[in-house]
Amino acid sequence: MNRLLNWFSQIVSITLFNVRSLPQRIGSSLTAVLGIAGVVAVLVGVLSIAQGILRTMERSVSPDNVVVLRSGATYEMMSGLSGDDARFISEGPGLARDESGPLASPELFVVINLPMRSTGSDANVPLRGVSLIAPDLRSGFRIVEGRMFEPGLNELIVGVGSQREIVGLEVGSTITVAQEEWPIVGAFEAGGGLAESEIWVDAAVLQPAYRRGNSYQVVYAKLKSPDSFQEYKDALTSDPRLNVKPVLEADYYEEQSALLYNLITGLGTLIAVIMSLGAMFGALNTMYTAISSRSREIATLRALGFHASPVVISVLMESLFLALVGGIIGALAAWLVFDGYRAATLNFSSFSQVAFAFDVSPSLLIRGIVFAMVIGLIGGLFPAIRAARQPVATALREL
Amino acid sequence: MNVSKKELVTIHNVDKIFKRGSEEIHVLGGLDLQIPEGEFLALMGPSGSGKSTLLNLIGGLDRPSQGSVIVGGEPIDKLSERKLASWRARHVGLVFQFYNLMPVLTAQKNVELPLLLTGLSRSERRKRSAIALDIVGLSHRKGHYPRTLSGGEQQRVGIARAIVTDPTLLLCDEPTGDLDRKSGDEILDLLQALNKEQGKTIVMVTHDIHAAARASRTLYLNKGKLSTEAEE
Ligand SMILES: Nc1ncnc2c1ncn2[C@@H]1O[C@H](COP(=O)(O)OP(=O)(O)OP(=O)(O)O)[C@@H](O)[C@H]1O
Ligand SMILES: [Mg+2]
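Protein chains in written order, with numbering that gives the first Met the number 0: chain A, 0 to 398; chain B, 0 to 231.
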């Protein structure tokens, strides 16, 4: 007990000297801190992109929504449904209904080129042909400006996300669709979800404009309750007239976002790891300098009877302390700069733009700080071990 | 010579060889030394003769390549690194040529440092470091940082630090080597008083004949062995 206490007080007192002598080494310490802060800021920044995209994808999901694609198709782009298919799908058992019939929206999906605000270059913008049921199938749908399109007319409504990213989508202006000028009559929100990146028009108008006949790509529908899914799915998959695959919306988006999420997370981590090598050498160098500038003190302490392990631990503590400061600065900077920052990126599953906001979540901040501590640990370990390994007599001679 | 006195340090047939790359440096060879309790021993010899090496062996800062080092009945060459560190903390006071004070600590905190290894209470540590500073005549400077003290004053803080744990053995490696005549004499007065009045056994390495004259015995180290005569 006494021995443990003694050992502990050794650590405390040596760490205290180290910290007190920090001001004398402010330059190299600051370099290490800032290096680590930079790495953490980048890591958190990149991961917040992935997080933000995931958020956007998941935001509009409601547990009783189903998405029906042709079997074998993972994405809307790959799917095709005939008018009859769409009708059978909409009449399946277990769907919620209102006075006009089942809550099902057969939709088709094309991509048009429009210039982005940020770069001026063309981006792929999803143009979706929908039925009047579509708003009921996107939680948080709300017309925020103008009005809903009139069925049968080539009127467009635009998501607020696409308005932010793309030039010329103001209500009242027109855009060229299939060599014609189509007017924008309204703008809508969709709870921050994916639909906000889209432009909508009556499906019946889009079909002839793109010579799609009476075909669709997808049916969005609402179940009476999430429990009805099995019944609905069994009915559709056993219907000999149909060759389709119903999936819960949540599963659908999860699969959709997985590719993008994993890509960005993987890339972000790779960049952060490469950068962290630099930061690690910075920390390593700082701690070597710190130790060699105090080698006389460390040798003296050990000559007086201080043990080697408190020396190691105190060096590690200092390095971890610097890393913690760097990590907090980096995470805070990422949070201040990136959180809520809006951007758009290509959604690989639809080859179209998805507007999203960087999402610097608390768990990301913690991940960034933990990463910093790992850098600090490795950066401090080798100098610490070297300081402790050296025989006392040799260390005293080298003063 | 007082035969009734107990030997505090017994060194028997000690070799010390340093390896520098492939080269071997034989510093001490077959060295014997006995230091009775209460002696003030001066070690002299040419530069590089191994005086510091011998002092390190006595103080448990280094181990012999061969032979035994027994201090206060303890064969210290057999102790583990950990045990040796604790042993040093309890039994040895070290005084360095360049004082080796902690620049970030006040004189009083510097003196208190070895007491952190003892498990004494804070107030007890304060009390003891105050006494040690009083013995070296620096009570009025206890709040000063080393850089604001003269060389002689810094060395007196160094001596206070060495005696604060009340060790049996005081090892001084050229304690006056970096001081002018007057400050050096004051340090030697102090060491002599510690030896006479408190019965501390002292081993002092020095190049200075005047310093050695203060000791009760002087030995000369040459070619790895000790003798009572300086070689020409
Ligand atoms: N840790 C070590 N590694 C290698 N060689 C060493 C080591 N310690 C001492 N030596 C060598 O051993 C010899 C004796 O060194 P030591 O420091 O004991 O001499 P000294 O008598 O104290 O000299 P000085 O009067 O210059 O202080 C020297 O040649 C020195 O280079
Ligand atoms: Mg020497």
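Since the hints were derived computationally from the structure, they do not count as laboratory data.
Bear in mind that the values here come from a model prediction, so they are computed numbers and not experimental data.
Beta carbons: idealized from backbone N, C-alpha and C, even for Gly.
A hint or two may mislead.
[To be verified] Covered by chain B, per the in silico footprint, the following chain A stretches (three or more residues, Cβ under 8 Å): (1) 7–17; (2) 168–175; (3) 299–306.
Outcome of the hint check:
Coverage of the segment 7–17 of chain A by chain B holds in this model, with 4 residues showing a Cβ closer than 8 Å to a Cβ of that chain against a need of three. For the segment 168–175 of chain A, the stated coverage by chain B is not satisfied: 0 residues place a CB nearer than 8 Å to a CB of that chain, which falls below the threshold of 3. Check on the segment 299–306 of chain A: 8 of its residues sit with their Cβ under 8 Å from a Cβ of chain B, so the three-residue criterion for coverage holds.
Hint violations for this structure: number 2 only, all remaining hints satisfied.
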